[in-house]
Amino acid sequence: MNAVAQVPMVTVRREIAAPAAELFDAWLDPAKLTHWMRPFDTIRSDVKLDPRVGGEFEIVMHTPNGSVPHTGAYQEISRPRRIVFTWNSPYAGDHGSLVTVDFNAKGRATEIVITHERLPSEEMVKAHSGGWSGILDRIGEAYADTRATA
Amino acid sequence: MDRVLGAIADPTRRAILARLAESDARVTELASAFPISLNSVSKHVRKLEAAGLVRRDIRGRDHVLSLDAAPLSEAAAWISHYQRFWADSLAALDAFATGRKPTQRKRK
Numbered sequence: 586m587n588a589v590a591q592v593p594m595v596t597v598r599r600e601i602a603a604p605a606a607e608l609f610d611a612w613l614d615p616a617k618l619t620h621w622m623r624p625f626d627t628i629r630s631d632v633k634l635d636p637r638v639g640g641e642f643e644i645v646m647h648t649p650n651g652s653v654p655h656t657g658a659y660q661e662i663s664r665p666r667r668i669v670f671t672w673n674s675p676y677a678g679d680h681g682s683l684v685t686v687d688f689n690a691k692g693r694a695t696e697i698v699i700t701h702e703r704l705p706s707e708e709m710v711k712a713h714s715g716g717w718s719g720i721l722d723r724i725g726e727a728y729a730d731t732r733a734t735a
Numbered sequence: 623m624d625r626v627l628g629a630i631a632d633p634t635r636r637a638i639l640a641r642l643a644e645s646d647a648r649v650t651e652l653a654s655a656f657p658i659s660l661n662s663v664s665k666h667v668r669k670l671e672a673a674g675l676v677r678r679d680i681r682g683r684d685h686v687l688s689l690d691a692a693p694l695s696e697a698a699a700w701i702s703h704y705q706r707f708w709a710d711s712l713a714a715l716d717a718f719a720t721g722r723k724p725t726q727r728k729r730k
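Quick note, the sequences are listed as chains Y and F, same order.
The first sequence runs 586 to 735 under the numbering used here.
The second sequence runs 623 to 730 under the numbering used here.
The following block holds chain Y by itself, in its conformation from the complex:
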């Protein structure tokens, strides 16, 4: 069942000298997010977001070579410890991905840990859940057989 979870992922961490709550809020306030989520050669990011579980966001990063839209939806918002959201971009391609941001207090600083993992395709999910239901079916049949002969 956890073969699906064995897909490699990216983990990035950084300790920042600021309180967790403040850093947490910087992720969900569009006025703040637009200022700092500018990786690589991003000149400006346009941010729209709905900071609720199930709420969606759209971050369009404008670079000298064009604009890159990133979209997703929030899966978990646990202030000030964790935010989880799906992440789709032309670079991420096909099935999207899942980002988990953990905020761990370290004295007066905060260690932020970002875990970014690919989402398995529907085929992979079906293949694996097919495997488990197959096993459960066989256990069920074997159990029914032993009861019949008891």
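Rather than coming from a laboratory, the hints here were simulated on the basis of the structure.
Some hints could be false.
Claimed, not checked - These stretches of chain F come out as covered by chain Y in the derived footprint (C-beta under 8 Å, 3 or more residues):
no.: 1; segment: 702 to 709
no.: 2; segment: 712 to 720
As the list claims (entries may be wrong) - If you anchor each label on the Cβ, the simulated ranges turn out as follows:
no.: 3; chain 1: Y; residue 1: D635; chain 2: F; residue 2: S659; range: 49 to 57 Å
no.: 4; chain 1: Y; residue 1: I628; chain 2: F; residue 2: G721; range: 17 to 25 Å
no.: 5; chain 1: F; residue 1: A640; chain 2: Y; residue 2: S652; range: 35 to 43 Å
no.: 6; chain 1: F; residue 1: S659; chain 2: Y; residue 2: T648; range: 45 to 53 Å
no.: 7; chain 1: F; residue 1: I680; chain 2: Y; residue 2: F625; range: 41 to 49 Å
no.: 8; chain 1: F; residue 1: D690; chain 2: Y; residue 2: R666; range: 39 to 47 Å
no.: 9; chain 1: F; residue 1: A717; chain 2: Y; residue 2: P654; range: 18 to 26 Å
no.: 10; chain 1: Y; residue 1: N689; chain 2: F; residue 2: R681; range: 51 to 59 Å
no.: 11; chain 1: Y; residue 1: T648; chain 2: F; residue 2: I701; range: 16 to 24 Å
no.: 12; chain 1: F; residue 1: A643; chain 2: Y; residue 2: A616; range: 46 to 54 Å
no.: 13; chain 1: F; residue 1: S702; chain 2: Y; residue 2: D635; range: 25 to 33 Å
no.: 14; chain 1: Y; residue 1: A606; chain 2: F; residue 2: R722; range: 14 to 22 Å
Beta carbons are placed, not taken as given, at the ideal position from N, Cα and C, and that holds for glycine.
Please build the complex by placing chain F on the supplied structure of chain Y, with the hints as guidance.
Frame of chain Y, contents of chain F only:
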């Protein structure tokens, strides 16, 4: 790309890829290099083929396998892209929150 990442998540499959990186091999040659059955090797090879990592060239009765590194480099590119993407973003968040000049990489 999920097939690629799923394919390389298994240590036996990684070992098969490492072997094919040295040179092409017949399926039977691969099987003799691993302490598992020919059947198991074939299953692993089929997963690697489905992920586009291994090519099979049928020459008469010989099935010759070779490594196709292109999909691996896609997975590696994704990983490297997002490693830098988030490191950059956290450096910018640091500068934003603390008012200090942005640094590209955190120095330990």
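Results of checking the hints against the structure:
Judged by the Cβ-Cβ criterion of 8 Å, the segment 702 to 709 of chain F is covered by chain Y as claimed, because 7 of its residues qualify and three suffice. Proximity of the segment 712 to 720 of chain F to chain Y, defined as three or more residues with a beta carbon under 8 Å from a beta carbon of that chain, is established by the 9 residues found. Between D635(Y) and S659(F) the beta carbon distance is about 54 Å. The supplied range of 49 to 57 Å therefore holds. The supplied range of 17 to 25 Å is met by I628(Y) and G721(F), whose beta-carbon atoms lie about 21 Å from each other.
A hinted range of 35 to 43 Å for the beta carbons of A640(F) and S652(Y) is consistent with their spacing of about 41 Å. A C-beta distance of roughly 52 Å is found between S659(F) and T648(Y), which places it inside the suggested range of 45 to 53 Å. Our hint of 41 to 49 Å for I680(F) and F625(Y) holds, since their Cβ atoms are close to 45 Å apart. The supplied range of 39 to 47 Å is met by D690(F) and R666(Y), whose beta-carbon atoms lie about 43 Å from each other.
With their beta carbons about 25 Å apart, A717(F) and P654(Y) fall inside the hinted range of 18 to 26 Å. Against the hinted window of 51 to 59 Å, the Cβ-Cβ separation of N689(Y) and R681(F) comes to about 57 Å, which satisfies the hint. Taking the beta carbon of each, T648(Y) and I701(F) are about 21 Å apart, inside 16 to 24 Å as hinted. Remark: the range hint 46 to 54 Å for A643(F) to A616(Y) is upheld by a beta-carbon distance near 50 Å.
Judged by the Cβ atoms, the range 25 to 33 Å given for S702(F) and D635(Y) holds: they are separated by roughly 31 Å. Taking the beta carbon of each, A606(Y) and R722(F) are about 20 Å apart, inside 14 to 22 Å as hinted.
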